[in-house]
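**Student:** The listed protein sequences derive, respectively, from chains H and W. Sequential numbering from 911 applies to the first sequence in my numbering. Sequential numbering from 15 applies to the second sequence in my numbering.
Please keep in mind that the hints were generated in silico from the structure rather than gathered at the bench. Each hint should be verified, as a subset may be incorrect.
Derived CB-CB ranges, DEER-like [what the hints assert, rightly or not]:
#1 W:Ser32 / H:Ala964: 44 to 52 Å
#2 W:Asp77 / H:Tyr939: 44 to 52 Å
#3 W:Ser80 / H:Glu981: 36 to 44 Å
#4 H:His949 / W:Leu84: 26 to 34 Å
#5 W:Gln94 / H:Ala964: 44 to 52 Å
#6 W:Lys97 / H:Glu925: 39 to 47 Å
Distance condition first, Cα-Cα at most 20 Å in a straight line; then the derived DMTMM-like pairs of lysine to aspartate or glutamate [claimed, not checked]:
#7 W:Lys85 / W:Asp100
#8 H:Lys952 / W:Asp71
#9 H:Lys1008 / W:Glu28
#10 W:Lys58 / W:Glu28
#11 H:Lys952 / W:Glu28
#12 H:Lys1008 / W:Glu99
#13 W:Lys25 / W:Glu99
#14 H:Lys1008 / W:Glu82
#15 W:Lys85 / W:Glu99
#16 W:Lys58 / H:Glu974
#17 H:Lys959 / W:Glu115
#18 W:Lys58 / H:Asp995
#19 H:Lys952 / H:Asp995
#20 H:Lys952 / H:Glu981
#21 H:Lys968 / W:Glu115
#22 W:Lys92 / W:Asp71
#23 W:Lys29 / W:Asp100
Glycine residues also receive a C-beta, built at the ideal position from the N, C-alpha and C atoms.
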Amino acid sequence: AQSVTQLDSHVSVSEGTPVLLRCNYSSSYSPSLFWYVQHPNKGLQLLLKYTSAATLVKGINGFEAEFKKSETSFHLTKPSAHMSDAAEYFCVVFNDYKLSFGAGTTVTVRA
Amino acid sequence: EAGVAQSPRYKIIEKRQSVAFWCNPISGHATLYWYQQILGQGPKLLIQFQNNGVVDDSQLPKDRFSAERLKGVDSTLKIQPAKLEDSAVYLCASSHGRNTEAFFGQGTRLTVV
């Protein structure tokens, strides 16, 4: 069985400050993990992926995530938020053909 | 490389009517998914194909929803008859193989009135 829990439904940050989006997963096997972003009225775009290589994964637009097996976590971070980062973010686990989404975290960025 | 194509982008129908959505995955992608995303929620998997075979349809309301993937390429998702609670964005995605990232289309926004 597998599931994904995004610990924050909404995160609000000031422009230029760090962003942290938390994700915990459960999986019977060694999973592949992804973060996707969805801007209003847009499709889902892949930010980054972990597929059992380096545990610190760098993605697009300055985002990165660290896979911690002992904590079953895959948190997404960005050192300095930009207004264009306002969007919905989904943590996704992919294991044995099944792709499961978290409930999502809405990020708002204050000027 | 062309992305996942979906049509139509928007559809408004009355309850009890039928509707069909079309998806053309990225060329060479064996796995195709249909997701339902209700406003404010994460996408929920409806059905997953591997080539033209169904891998998972456990969350597909089979009394009203059906999907097919003829020849392992294009896919259609049908709802008949539609209910108000079917109002959502229907997303199609494809991936090259096992445990690789999925690429999503723009989705079809369905409104049932």
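**Student:** Hints first: check each against the structure and report whether it holds.
**Tutor:** Comparing the hints with the structure gives:
Look at W:Ser32 against H:Ala964: about 49 Å separates their beta carbons, and that is inside 44 to 52 Å. Our hint of 44 to 52 Å for W:Asp77 and H:Tyr939 is violated, since their Cβ atoms are close to 33 Å apart. A C-beta distance of roughly 42 Å is found between W:Ser80 and H:Glu981, which places it inside the suggested range of 36 to 44 Å. About 33 Å separates the C-beta atoms of H:His949 and W:Leu84, a value consistent with the hinted range of 26 to 34 Å.
Taken as a hint, the range 44 to 52 Å holds for the pair W:Gln94 and H:Ala964, whose Cβ atoms sit roughly 48 Å apart. About 42 Å separates the C-beta atoms of W:Lys97 and H:Glu925, a value consistent with the hinted range of 39 to 47 Å. For a cut-off of 20 Å, the pair hint linking W:Lys85 to W:Asp100 is broken: about 28 Å separates their Cα positions. The hinted pair formed by H:Lys952 and W:Asp71 fails the criterion: a straight-line CA distance of about 26 Å is larger than 20 Å.
At roughly 33 Å between alpha-carbon atoms, H:Lys1008 and W:Glu28 are farther apart than 20 Å, so this suggested pair is violated. Restraint check for W:Lys58 and W:Glu28: the C-alpha separation of about 23 Å exceeds 20 Å, so the hint is violated. Note on H:Lys952 and W:Glu28: the hinted pairing is violated, with a Cα-Cα distance of about 25 Å set against a maximum of 20 Å. Among the hinted pairs, H:Lys1008 with W:Glu99 is inconsistent with the structure: their alpha-carbon atoms are about 25 Å apart, more than 20 Å.
Taking the CA atoms of W:Lys25 and W:Glu99, the gap is near 14 Å; set against the 20 Å cutoff, the hint holds. Between H:Lys1008 and W:Glu82 the alpha-carbon distance is near 19 Å, which keeps this suggested pair within the 20 Å criterion. For the given pair, W:Lys85 sits about 31 Å from W:Glu99 by alpha-carbon distance, which is inconsistent with the 20 Å threshold. A distance of roughly 25 Å separates the Cα atoms of W:Lys58 and H:Glu974; the hinted pair therefore is violated under the 20 Å criterion.
Among the hinted pairs, H:Lys959 with W:Glu115 is consistent with the structure: their alpha-carbon atoms are about 7 Å apart, no more than 20 Å. The hinted pair formed by W:Lys58 and H:Asp995 fails the criterion: a straight-line CA distance of about 24 Å is larger than 20 Å. Taking the CA atoms of H:Lys952 and H:Asp995, the gap is near 13 Å; set against the 20 Å cutoff, the hint holds. In summary, the hint linking H:Lys952 to H:Glu981 is not supported, as the alpha carbons are separated by about 32 Å, beyond the 20 Å threshold.
Simply put, H:Lys968 and W:Glu115 have alpha-carbon atoms about 15 Å apart, close enough for the 20 Å limit, and the pair holds. In summary, the hint linking W:Lys92 to W:Asp71 is supported, as the alpha carbons are separated by about 14 Å, within the 20 Å threshold. Distance hint between W:Lys29 and W:Asp100 is fulfilled; the C-alpha atoms sit about 9 Å from each other, no more than 20 Å.
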